[in-house]
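There are 2 protein chains.
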Amino acid sequence: MVDLLYPKTPLYYLTEVFMTTKKIPDIIIGRLPLYLRALERMASNGEIVTSSKELGEGVGISAAQIRKDISQFGEFGKQGTGYNIKFLSEKLREILNIDRVWDVAIIGAGDIGHGVARYQGFLERGFRVTLAFDNDAKKIGTKVGEVEVQNIEKMADALNASDVKIAMIAVPAEYAQDVADKLAKTQVKAILNYAPIRLTVPEGVHVQYIDPATHLQWMTYYL
Amino acid sequence: MVDLLYPKTPLYYLTEVFMTTKKIPDIIIGRLPLYLRALERMASNGEIVTSSKELGEGVGISAAQIRKDISQFGEFGKQGTGYNIKFLSEKLREILNIDRVWDVAIIGAGDIGHGVARYQGFLERGFRVTLAFDNDAKKIGTKVGEVEVQNIEKMADALNASDVKIAMIAVPAEYAQDVADKLAKTQVKAILNYAPIRLTVPEGVHVQYIDPATHLQWMTYYL
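Residue numbers (my numbering), protein chains in the order written: chain A, 368 to 590; chain B, 368 to 590.
Where hints are given, some of them may not hold.
Any copy, or any two copies together, can satisfy a pair, since identical chains are not distinguished.
Lysine to any residue pairs mimicking SDA-like chemistry, simulated, CA-CA at most 25 Å apart [to be verified]: (1) Lys510 / Gly488; (2) Lys505 / Glu491; (3) Lys445 / Ile391; (4) Lys458 / Tyr588; (5) Lys505 / Gly488; (6) Lys510 / Gln487; (7) Lys521 / Tyr542; (8) Lys445 / Asp466; (9) Lys420 / Lys458; (10) Lys556 / Gly427; (11) Lys510 / Arg485.
Just so you know, these hints were derived from the structure itself, not from any lab.
Okay, chain A solo, but in the shape it has when bound:
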């Protein structure tokens, strides 16, 4: 296993090759934020060291799976002594590229847009809303969180003048695909979509979805 996360070693230079020849399954990447979230909780409780067993209980995944997932990226724990929480958190942040703060644009300044723009949890976890857009003249010029809402017609120019690569779509479903099409022509490469509709985007643009009503409707089946 190439120890790709120690930049001081010559192996650092192989990282690019490593990443392209041995693609780590998407599903493993998707579990890392959960591990990180649990580790951050442990750290805030004053814990120093954890085990794959304890971490597993915190995320509902087996200890064996966690060891296997983490070992894809290097040897971050020692047999018998477990993981240093601070060290493993830092490594996961590096792997996930959140050892920095990402600027984020929000499109749609309605209830969801406002809630999202004000949400402190984003800033604590690597994201900061710096641009906001809407097509409603009544909303343009108002603020969501700390950010002034701009006319959506200025979106492409404003995005291209920024370093924003992440956007959140919080417009009604009927406008969401049009917004996604416009975003795909900018440097935005990651979209978190709150509109209850599936989006079609070009290859290289990532989309994920938030739709609390689908979760509620799933649960009501069992009530």
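Add chain B to chain A, keeping to what the hints say.
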């Protein structure tokens, strides 16, 4: 590998309560709200009839899988003529128990609580916030959406005097398990948790998770 629900989410791993034995696999139930969401979109576009192929394109699931899923519940379409959108929507609403409006309690009147309480999308899809609670004296007596925030100490009594079986937790992570423990002693049987922490609940209580930061952190890996 688990056939993750579209929209793909690592939070699926946290929904362990659903993994207990059920006649129809819980993963199929989880896809029904997505089918319904796509059907409702078609209906609002004035469409009358759809096919499993078209529906599949709307949700990113194969036509064969959709036919198989829907056939678990009966024969709702005809070979060659497809599905009547209104009829299939009604059937899915019946199956999911959302041919009615569910009252919902929100615990936590911060940014998320406000966003959720005002979100029109819930009402359109079967859910109405009727109770809200917080432990902050400054918030008690104020309103989230249309609902007055009550002291969280009155939560158990207020819930038991209501017909609320669904609660949304929107408190900071360090308080979420305590709130879940209190909810588990009421008639609440479904929890949508916005706090970034895994909850432990008694058997028979369903929990699902919303955590946009985990989605964003997943995508930043690829940026």
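*Mind listing which of the numbered hints don't hold for this structure, in increasing order?*
none
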